[in-house]
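My request is simple: use the sequences and hints to build the entire structure.
As they're listed, the protein sequences go chains A and B.
The opening residue of the first sequence carries number 1 in the numbering used here; numbering runs sequentially from there.
The opening residue of the second sequence carries number 1 in the numbering used here; numbering runs sequentially from there.
FYI, nobody ran anything at the bench for these hints, they're computed from the structure.
Quick reminder that beta carbons are idealized off the backbone N, C-alpha and C, glycines included.
Hints are supplied without guarantee of correctness; some may be wrong.
Claimed, not checked - A short list of chain B residues far from chain A (calculated; beta carbon distances all over 12 Å): (1) M16; (2) L112; (3) E191.
What the hints assert, rightly or not - Pair by pair, the computed Cβ-Cβ distance ranges are: (4) A:G37 with B:G101: 27 to 35 Å; (5) A:D86 with B:G38: 34 to 42 Å; (6) A:E57 with B:G101: 40 to 48 Å.
Protein chains: 2
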Amino acid sequence: MRTAEELRALVESSLMDMKLSPELGELSGAMRYALAGGGKRIRPVLCLATAEAAGCEPERALAAAVALELVHSFSLVHDDLPALDDDVERRGQPSTHIQWGEAVAILAGDALFGEAVRLALTYSDPAVARELVEATLGMIGGQYLDITAASDLAELHRLKTGRLFTAAVGMALAAAGVPRAKQAPWRLFAEELGLLFQLVDDILDRDGYVLVHGVEGTRKLAEEAGQRAKDLLAEIPADTSVLEEIVAGLVTRTS
Amino acid sequence: MRTAEELRALVESSLMDMKLSPELGELSGAMRYALAGGGKRIRPVLCLATAEAAGCEPERALAAAVALELVHSFSLVHDDLPALDDDVERRGQPSTHIQWGEAVAILAGDALFGEAVRLALTYSDPAVARELVEATLGMIGGQYLDITAASDLAELHRLKTGRLFTAAVGMALAAAGVPRAKQAPWRLFAEELGLLFQLVDDILDRDGYVLVHGVEGTRKLAEEAGQRAKDLLAEIPADTSVLEEIVAGLVTRTS
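As structure tokens, this is what we get:
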């Protein structure tokens, strides 16, 4: 089994070597800019670790993993636009629309989504791409709730954050050929992990759940979600040690 | 064989009845707004007519046809944004970002693209979705050339307009199960049709090719492209009468 850090390195090198459609021309510069800069790559790492736990070579799930990171990056590029969150920085660097202009950022986001689907369609089983696209639609629905001041925080986060976490696991299971009837505990695990990620995010950013439950209350919710995630892993008859490592890392992360 | 007008009615009713992902919530209002308003539906009609000429029921190609119109609509919504073409009207109505705000228009465009792919993925053969996504990437590359003042007008239009015309034919052939080895004349026909469409568009808008070749010169180029399209249809051993009707309609269209 490879460690989470080894899987992250695999994702980074695959992102670096990735070929984009030649018809995108120089737009690819803005796309690569949006993808660089050292995100945590949590979604693709989760995808690869799930695939390996489910008994398939991580390399077999690599296109799915990279596709997830492209969708995540697309969502950040569009979220950062002036009409949406109007964020001028992302991970300490100028956000894509500041660096490349707003028009290029809109098109770069569109193209990142398109390239993600193209990668997901390299599998002969269209289930991989279906999983990605349905999750992306849910994520967009979550972004819509976010800009319309929705009151249901749990639903907002289930869509905006949770759907891509579930897709990370679902795409790995599809790539590994795990039959639908055996996917339930894996998928429940993914939902808890998405919730855990969001809770800790809100603790670090002092917003979202923290505004409702306070820091201590949100910390408690995060620990409970982490425990449920571990319990679900214990039900799965497979070596889920790397997934446990990922849960532990999310509970204690500080950035 | 159904006429082009009958096929257009089929597209309209399918767009009207289309179910969108429930997770999009009220964002679907802006998406339906962008899809309404009586466009020519030339891409989906071309897709259905090609499918029927290739020997399959048009209904079998309907999901592919609607997917094409969704991608076209997505491209218009994003193109109309202030950072791109800054168009406040579309077909005599306020453009989507004027009616719904810029943030919602960005997300509605994203979601139209996502729903298009979801529809294309209802086919068991992933070739239908692959064709759509690769064409969409080409189209985005064309939009990028358009905003960066590219000098190669033919390449710009091959990407921005032509790629979706080729996809309309390619998706129909995939849905109809026409083997790749027999697709060449169909695909060449689609390229000529895309060029013809763009030439006439430029005559009507007095831009693009007209700025280089004048109205008379562009009219001559359009007639030549129309003739080549008809010659290619004559090579195809099938009843291509409705496709001929589409060519004739494009040559003489006035709006």
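Right, here's what the structure says about each hint:
no.	hint	verdict
1	M16	20 Å, holds
2	L112	10 Å, violated
3	E191	14 Å, holds
4	A:G37 with B:G101: 27 to 35 Å	29 Å, holds
5	A:D86 with B:G38: 34 to 42 Å	35 Å, holds
6	A:E57 with B:G101: 40 to 48 Å	46 Å, holds
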